[in-house]
Amino acid sequence: MDILNALTAFANFILVPGLAYGSQLALGALGVTLVFGVLRFSNFAHGDTMAFGTAFVIMFTWWFQSMGISFGPLPTALLALPFGIAVTAAFVLGTDRVVYRFYRQQKAKPIILVIVSTGVMFVMNGLVRILIGTSERNFADGERMLLNPQDWKAWTGLAEPLAIKTTAVVSIVVAVLSVALLFWFLQKTRTGKSMRAYSDNEDLALLSGINPDKVVAVTWVLAAALATICGTLYGLDKSFRITVYFGLLMPIFAAAIVGGLGSPLGAIVGGFVIAFSELIITSAWKKIGSYLLPDSWLGDGLYQALSTDYKVAVSFAILIIVLLFKPTGIYGAK
Amino acid sequence: MTRYRNLWLFAGVALLFVATGAMLSWNLSLQILNLALLSAIMAVGVNIQWGYAGLFSTGVVGSVALGGLAVVLVSGKPVPAGWEAGGPRVLSALLFAALAVALAVWLYRKLQAGPKRSLALVLFGVIAFFIYRGLLDPAVMAIEANNPSQAGHIGGLGLNSLLAWPFGALLAAGAAWLIGKVALGLRADYLAIATLGIAEIIIAVMRNEDWLDRGVKNLIDIPRPWPVPKEVDLQASPAFLDPMLAMGLDPVTGSSIFVKLIYAGLFGIVLVALIWLTERALNSPWGRTIRAIRDNEISAAAMGKDVKFRHLQIFIIGSAVVGLAGAMMTSMDGQLTPPSYLPLRFTFLIWVMVIVGGSGNNWGAVLGGLLIGWLYLAVEFLGPQAMEYITAGLPSGPVKDHLRESAAHMRLLSLGVVLLLVLRFAPRGLIPEK
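Protein chains in written order, with the numbering used here: chain A, 1 to 334; chain B, 1 to 434.
Calculated directly from the structure, the hints in this document are not laboratory data. Model, not experiment: these values are computed from the prediction. Even for Gly, the Cβ is constructed at its ideal location relative to N, Cα and C. Be careful, since some hints might not be right.
[Stated by the list, open to error] When the alpha-carbon atoms are kept at most 25 Å apart in a straight line, the in silico BS3-like pairs for lysine-lysine are as follows:
(1) A:Lys109 - B:Lys230
(2) A:Lys326 - B:Lys434
(3) A:Lys326 - B:Lys308
(4) B:Lys434 - A:Lys107
(5) A:Lys165 - A:Lys287
(6) B:Lys181 - A:Lys326
(7) B:Lys308 - A:Lys109
(8) A:Lys326 - B:Lys110
[Said to hold, decoys possible] Footprint (simulated), chain A over chain B, 3 or more residues, beta carbon under 8 Å:
(9) 73–79
(10) 172–186
(11) 238–245
[Unchecked claim] Partner residues are not named here, just some residues of chain A that face chain B (Cβ under 7 Å, in silico):
(12) Ser42
(13) Ile111
(14) Gly119
(15) Arg129
(16) Leu131
(17) Ile132
(18) Leu265
(19) Phe316
(20) Ile321
(21) Leu324
(22) Pro327
(23) Thr328
(24) Ile330
(25) Tyr331
(26) Gly332
Next comes chain A alone, as it looks inside the complex (with noise of 0.2 Å):
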């Protein structure tokens, strides 16, 4: 038995990637989220928004680094983060425009609503392959570690080492800071109240002299400025490239489900759920049970219940079991 090491080898494998990961999920869902609850349509080019304004953010970072600008420790991407927001989301209005508004105005059937956005995603997609191409891009800088796992060796005196990226720390932070700053917007603005207002009923809030064009383009601002920092922090942590983005759509529909769609706070807790049901389930709990059992009592399996190829099917096992016992999700009401 020894706790203390099984408890560092936890924080290292699953509670700190968990809290990276889930924060960037809860970013996504919450863009999701916004949208579906004042647009009422499922965003399937999300997940290429989030490519979209991380291409734009890459770009704006290699600029930045060519010029000899750095943040210090913290990677530059933080600093091109407002401009790749600010591309995305005149790219998004500009689609509002053009695409979502005339349906809107024909008051289409949301299943309608959900095909034009696969045909934006095609269009985002192909634009971001023919910005940045299809290959995997790198673009953390700064210091690498927050925590060394030599330090932490050395300042402890345990075995099990404890590595804790920046990325990771960001990621936190960011999710944290954005998160607060929409909730402030939501609760105390009088634009955030009318959007909740919208979001709730539509015919009371057109008839209390609300302006559902000006609703509708904050709701999109915001979802293109989530979907960016989202996108952004991923890559920090992982990295960048186009076709992992569009898998990501699965994992923050499950996120924004699991909450109830149209949901914030649902949102959050969703992507929370999602990001660490699947380090629990892909992770192997070999070293940690290592620590806790004797060895005879291990053999030699990797104690994984599944494989990391698996992830999809964790996010939508709990999709499943939602849309089973509570479609609305855990905060929804509608």
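Given the coordinates of chain A, assemble chain B onto it according to the supplied hints.
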């Protein structure tokens, strides 16, 4: 003129194929035609779901892949050593999993609702999962250890791959039943999201479960279906060579064209049969029920129609048709390459075909399949060549490389733009529903 509009449209598409044949090569034209015919069958399947009933599935690629898997299992070459190493044990593990799920469902219905039931079921699930892994893992290791460079899988039954076609339809129908049971009857978006997930899982299984289909090591050399000869055999047989030489044709090209013509004939027969069946179904009382449900679910339900059951039925039939086409495609290719099942190629391209052709109209789906199939594949073959020609004058360097590379990506962009334009300006498609 307007009376024969549809005929003209089909004639125009036929002209595209003839022009490709006459100007470039008949071999290429037939190759595109065969793939376009398969896409047309898939489009008929998707049209059943979307056009008849308004169900939006983003998991078409999963049905296509399951069809391919069926070919491997039914007509792949047997690997007796691999099967003996663990085949029965794998089957028993799968049987155990099915029984455990059935038992869980039974327990859920029998036990009283409450936290105790949830806890018991979770515990049951975890224990059953570990027993399942305990049964499966040693068998998988044993199978994959058998001649891993050439086999390492359980092998197929070695039957004619024509038999695999209906089996592919059956597999896809089974998956559709499972997913439809869960996701239908909720918001329409949920079906789209759930099918996206199941398709990704099906492809993940096919890529990673080497014991089943060799995964990313690919499975080649699947025997051809019965009436199709091999080019090599044709080139050696005097019965084929003599008329070829008499007509003054090159036997190598001739044999390849001959084989493709037989495939085109087989696919054509299936397509015609499907159109006949779907046209009959669409104009029957059943078809009218389905369209009534699509146009107004509430009033159809008020008339006593079981909306959820009809949706499930339609979803299964449509997926089965796509699975059939998927099986036909693998048996034509003679190989299974799991990494080639891309959602963009097999889900969203098929969607564009249906929407451009005319949702709700079987002929429209076929026209869309042939037209978009030609465009997409012709660009696949010709795009890089055209770009090569355009950039021939440029000095080699990053600009030229980037332009040549972006030729492949332009296709996605234009597909998206076509989809958006048609949805906006001609939502009823080229051949609108009557």
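The hints, checked one at a time:
Annotation: proposed proximity of Lys109 (chain A) to Lys230 (chain B) is violated, straight-line Cα distance about 51 Å (limit 25 Å). Between Lys326 (chain A) and Lys434 (chain B), the direct Cα distance comes to roughly 40 Å. Violation of the 25 Å bound is thereby established for this hinted pair. Taken as a hint, the Lys326 (chain A) and Lys308 (chain B) pair is honoured in the structure, with Cα atoms around 18 Å apart against an allowance of 25 Å. For the given pair, Lys434 (chain B) sits about 23 Å from Lys107 (chain A) by alpha-carbon distance, which is consistent with the 25 Å threshold.
A C-alpha spacing of about 20 Å is found between Lys165 (chain A) and Lys287 (chain A), which places the hinted pair at or below 25 Å, so the restraint holds. Annotation: proposed proximity of Lys181 (chain B) to Lys326 (chain A) holds, straight-line Cα distance about 15 Å (limit 25 Å). Distance check on the hinted pair: Lys308 (chain B) and Lys109 (chain A) sit about 19 Å apart at the alpha-carbon level, within 25 Å; holds. Restraint check: the Cα-Cα separation between Lys326 (chain A) and Lys110 (chain B) comes to about 19 Å, which is no more than 25 Å; the hinted pair holds.
For the stretch 73–79 of chain B, the proposed coverage by chain A is not satisfied: 0 residues have a C-beta within less than 8 Å of a C-beta in that chain, short of the threshold of three. Requiring three or more residues with a Cβ within less than 8 Å of a Cβ of chain A, the coverage given for the stretch 172–186 of chain B holds, as 3 such residues are present. Judged by the Cβ-Cβ criterion of 8 Å, the stretch 238–245 of chain B is not covered by chain A as claimed, because only 0 of its residues qualify and three are needed. The restraint placing Ser42 (chain A) at the interface with chain B holds, with a minimum CB-CB distance near 4 Å, inside the 7 Å limit.
This hint holds: Ile111 (chain A) has a C-beta 4 Å from the nearest C-beta of chain B, less than the 7 Å allowed. A hinted interface residue such as Gly119 (chain A) counts as satisfied when its beta carbon comes closer than 7 Å to some beta carbon of chain B; here the least separation is about 4 Å, so the hint holds. At its closest, the beta carbon of Arg129 (chain A) sits 4 Å from a beta carbon of chain B; the interface hint therefore holds under the 7 Å criterion. For Leu131 (chain A), the interface hint is violated, the least distance from its beta-carbon to any beta-carbon of chain B being 9 Å, above 7 Å.
A least Cβ separation of about 10 Å between Ile132 (chain A) and chain B goes past the 7 Å threshold, and the interface hint is therefore violated. With 7 Å as the threshold, the beta carbon of Leu265 (chain A) stays out of range of chain B, its nearest partner Cβ sitting at about 20 Å, so the hint is violated. Restraint check, Phe316 (chain A) versus chain B: the minimum CB separation of about 4 Å is within 7 Å; hint holds. Interface hint status for Ile321 (chain A): violated, as the beta-carbon distance to the closest one in chain B is roughly 9 Å, over 7 Å.
A distance limit of 7 Å between C-beta atoms decides the matter here; for Leu324 (chain A) the minimum to chain B is near 6 Å, and the interface restraint holds. Evaluation of the Pro327 (chain A) hint against chain B yields a held restraint, the C-beta minimum of about 5 Å falling below 7 Å. Using the Cβ-Cβ criterion of 7 Å, the hint placing Thr328 (chain A) at the interface with chain B is not satisfied: the shortest such distance is roughly 10 Å. Because the closest C-beta pair between Ile330 (chain A) and chain B is about 15 Å apart, greater than 7 Å, the hint is violated.
Among the interface hints, the one on Tyr331 (chain A) is violated; its C-beta lies about 16 Å from the nearest C-beta in chain B, farther than the 7 Å criterion. Hint status for Gly332 (chain A): violated, given a least beta-carbon distance of 11 Å to chain B, over 7 Å.
Hint check: violations occur at hints 1, 2, 9, 11, 16, 17, 18, 20, 23, 24, 25, 26; the rest are consistent with the structure.
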